[in-house]
Amino acid sequence: MKSKIIVQVISVVILNLSFTHTLRAAESLEELNSELEALKTRIDQLQLETVRNREAAEWRYADSAVHMSGYADVNYIDSDSADGQFAVGKFAPIFHYQFRDLVMLESELEIEVDEDGETEVKLEYLSVDAFLNDCITLVAGKFLSPIGQFRQNLHPSWINKLASAPPGFGHDGAAPVADVGFQLRGGFPIGSTRTNYALYVANGPTLKAEFEDGEFELDGVDAEGASSDEDGDKVVGGRFAVHPIPHLEIGLSLASGKVTVNEVEDGDSSLLSGEGARDYDVQSVDFSYQVGDLSFRGEYVETEVGATTQGVAASEGAIWETWYTQASYREGQSKFEYVTRFSDFDSPHDSRDQEQWAVGVNYLFTSSAIFKLTYELNDGEQGSEADEDRLMLQLAYGF
Amino acid sequence: MRKETTRFNGKMVLQIAILAACIKSGLSSVFAAGFPEPGDVSAGGQAWVENCTHCHNLRNPNELRDDQWITSMFHMRIRAGLTGKETRDILSFIQAANATAAQQRIRAEAEAVRAAQQSEAQPQQ
Chain S
1 MKSKIIVQVI SVVILNLSFT HTLRAAESLE ELNSELEALK TRIDQLQLET VRNREAAEWR
61 YADSAVHMSG YADVNYIDSD SADGQFAVGK FAPIFHYQFR DLVMLESELE IEVDEDGETE
121 VKLEYLSVDA FLNDCITLVA GKFLSPIGQF RQNLHPSWIN KLASAPPGFG HDGAAPVADV
181 GFQLRGGFPI GSTRTNYALY VANGPTLKAE FEDGEFELDG VDAEGASSDE DGDKVVGGRF
241 AVHPIPHLEI GLSLASGKVT VNEVEDGDSS LLSGEGARDY DVQSVDFSYQ VGDLSFRGEY
301 VETEVGATTQ GVAASEGAIW ETWYTQASYR EGQSKFEYVT RFSDFDSPHD SRDQEQWAVG
361 VNYLFTSSAI FKLTYELNDG EQGSEADEDR LMLQLAYGF
Chain Z
1 MRKETTRFNG KMVLQIAILA ACIKSGLSSV FAAGFPEPGD VSAGGQAWVE NCTHCHNLRN
61 PNELRDDQWI TSMFHMRIRA GLTGKETRDI LSFIQAANAT AAQQRIRAEA EAVRAAQQSE
121 AQPQQ
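Protein chains in written order, with the numbering used here: chain S, 1 to 399; chain Z, 1 to 125.
Simulated from the structure, these hints should not be mistaken for lab results.
Beta carbons are placed, not taken as given, at the ideal position from N, Cα and C, and that holds for glycine.
Among the hints, a few may not be true.
To be verified - Facing chain S, a subset of chain Z residues (Cβ under 10 angstroms, in silico):
id, residue
1, Glu37
2, Pro38
3, Glu50
4, His56
5, Leu58
6, Arg59
7, Leu64
8, Trp69
9, Thr71
10, Ser72
11, Phe74
12, His75
13, Arg77
14, Arg88
As the list claims (entries may be wrong) - Sample of chain Z residues at the chain S side, in silico, Cβ under 7 angstroms:
id, residue
15, Pro36
16, Asp40
17, His54
Please take these sequences and the hints and turn them into a complete structure.
This is the structure we're talking about:
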């Protein structure tokens with residue numbers, strides 16, 4: 001009897017233990033299942049991260065790099081003779097496509113809306129640049145003129161500290177805008193002095209003539225990069241600049257070649273025949289200097305076109321001359337910047353000659369998003385557009 | 001019959017040396033392994049301040065990604081007449097500054113997340 005009771009007790013204990021173990025096993029299984037689910041989720045996440053990392057690596061370590069930059073501006077202009085008006089200044093996207101550190105394609109479009117609402121698209125420049133070595137880059141195609149500094153470096157509206165270009169440095173002025181050909185450019189040190197240079201060979205500009213008072217005379221130099229060269233003589237030129245001390249740059253530019261009349265202003269250009277090639281010479285000096293919060297710069301350009309006795313539009317030569325000097329002040333990282341500029345433009349036409357004082361206050365939302373308030377005091381031939389003062393508001397953004 | 005021989009004078013030797021130097025430096029660039037090779041960050045910082053302000057206000061390095069700075073800097077190499085070394089130095093400086101700015105942002109975001117978690121946990125206690 002006693003042994004029977006002992007057996008029953010042992011049986012109950014064993015049953016109890018096995019039931020407890022089963023319960024625990026069931027709990028462990030649930031835990032295992034949830035852990036398995038968590039692991040599956042983690043594996044999915046890791047696989048996703050692996051794909052993303054690979055894509056990031058492919059992006060990062062690709063041999064080509066692509067980037068779109070550029071600038072845009074919108075304006076409000078109020079002049080003496082016209083009511084104030086809003087205007088879209090310019091949208092200028094710049095495309096960069098680069099293969100390693102060997103070759104780069106760069107191109108800038110210039111998209112503008114004219115007074116009638118028509119959209120104009122121009123190719124400001126398009127060049128293929130080969131980085132030959134640390135000191136020489138070959139630039140081939142249509143490029144901004146290396147003469148002086150304003151056209152090649154300062155004309156974008158987010159860089160130009162005033163809402164307008166200095167007279168003579170815009171289109172159809174004294175300073176060449178662009179050319180088609182090739183150039184070698186870069187920089188190299190001479191001891192501890194930095195230098196930079198550009199040497200170019202290009203088609204050169206074309207000339208515009210006008211018929212006035214019974215004879216032809218030169219009207220303007222169209223130096224915006226023609227894809228033709230009627231006289232066949234190339235223009236050769238360049239710029240050399242030194243930095244004798246930090247923050248000071250002094251540049252000298254020269255160009256020389258032959259140019260020909262191929263257009264008659266307000267006339268029939270098809271009547272032109274046998275036009276003689278004329279001498280074309282450009283000279284320019286420029287400087288820029290930063291001292292503390294002050295910044296100074298200036299530039300002088302003279303374009304001289306010779307006479308010819310050949311052709312329908314044979315005439316005397318002419319000289320276009322312009323210069324400006326500018327001072328600006330920005331205290332530390334202040335949002336406000338103050339600018340003043342004096343310019344003097346002389347052309348063969350008195351109605352286009354202009355002396356200008358411009359003053360401006362800028363507010364910098366960021367270093368490349370700028371609101372400008374500019375006032376121009378212009379002195380030109382009485383009654384001409386060059387004599388009208390202007391108030392300009394501009395929002396410019398470089399991206 | 002007299003055999004003609006080429007005699008090298010000093011001018012020719014100089015011309016050949018210049019040509020060889022140009023070809024060598026050109027080829028070393030062509031077969032450069034890095035894109036671009038890393039530059040000197042501290043020299044880049046100085047070159048960045050001295051060169052960029054000649055024309056425009058300094059742009060914040062974190063305005064662009066590192067890969068965008070590569071094309072921007074090669075564009076500026078042409079515009080500003082920078083040497084290849086100056087370009088690489090400035091690029092390395094900007095990318096280093098960019099990384100520091102990115103790290104600061106990540107740290108700030110992590111701290112914000114941690115603070116939010118702590119504030120959520122407090123009412124339960």
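Results for each hint:
1. The beta carbon of Glu37 of chain Z comes within 8 angstroms of a beta carbon in chain S, closer than 10 angstroms, and the hint placing it at the interface holds.
2. With its C-beta approaching chain S no nearer than about 12 angstroms, Pro38 of chain Z sits outside the 10 angstroms limit, and its interface hint is violated.
3. Below 10 angstroms, beta-carbon pairs count as interface contacts, and Glu50 of chain Z has one with chain S at about 5 angstroms; its hint therefore holds.
4. A least Cβ separation of about 4 angstroms between His56 of chain Z and chain S falls short of the 10 angstroms threshold, and the interface hint therefore holds.
5. Given the 10 angstroms rule on beta carbons, the hint for Leu58 of chain Z holds: about 6 angstroms separates it from the nearest Cβ of chain S.
6. A hinted interface residue such as Arg59 of chain Z counts as satisfied when its beta carbon comes closer than 10 angstroms to some beta carbon of chain S; here the least separation is about 5 angstroms, so the hint holds.
7. Using the Cβ-Cβ criterion of 10 angstroms, the hint placing Leu64 of chain Z at the interface with chain S is satisfied: the shortest such distance is roughly 8 angstroms.
8. Taking 10 angstroms as the C-beta contact cut-off toward chain S, the hint placing Trp69 of chain Z at the interface holds, the least distance being around 9 angstroms.
9. For Thr71 of chain Z, the interface hint holds, the least distance from its beta-carbon to any beta-carbon of chain S being 4 angstroms, beneath 10 angstroms.
10. The criterion of a C-beta within 10 angstroms of any C-beta in chain S is met by Ser72 of chain Z, whose closest approach is roughly 7 angstroms, and the hint holds.
11. At a threshold of 10 angstroms, the smallest CB-CB gap from Phe74 of chain Z to chain S is about 5 angstroms, leaving the interface hint in force.
12. A hinted interface residue such as His75 of chain Z counts as satisfied when its beta carbon comes closer than 10 angstroms to some beta carbon of chain S; here the least separation is about 6 angstroms, so the hint holds.
13. Annotation: Arg77 of chain Z was flagged as interfacial toward chain S, and the flag holds, the nearest CB pair being 7 angstroms apart, inside 10 angstroms.
14. Checking Arg88 of chain Z against chain S by beta carbon gives a least distance of about 8 angstroms; that is within 10 angstroms, so the hint holds.
15. This hint holds: Pro36 of chain Z has a C-beta 5 angstroms from the nearest C-beta of chain S, less than the 7 angstroms allowed.
16. Interface restraint check: Asp40 of chain Z against chain S, minimum CB-CB distance 14 angstroms, threshold 7 angstroms, status violated.
17. A distance limit of 7 angstroms between C-beta atoms decides the matter here; for His54 of chain Z the minimum to chain S is near 5 angstroms, and the interface restraint holds.
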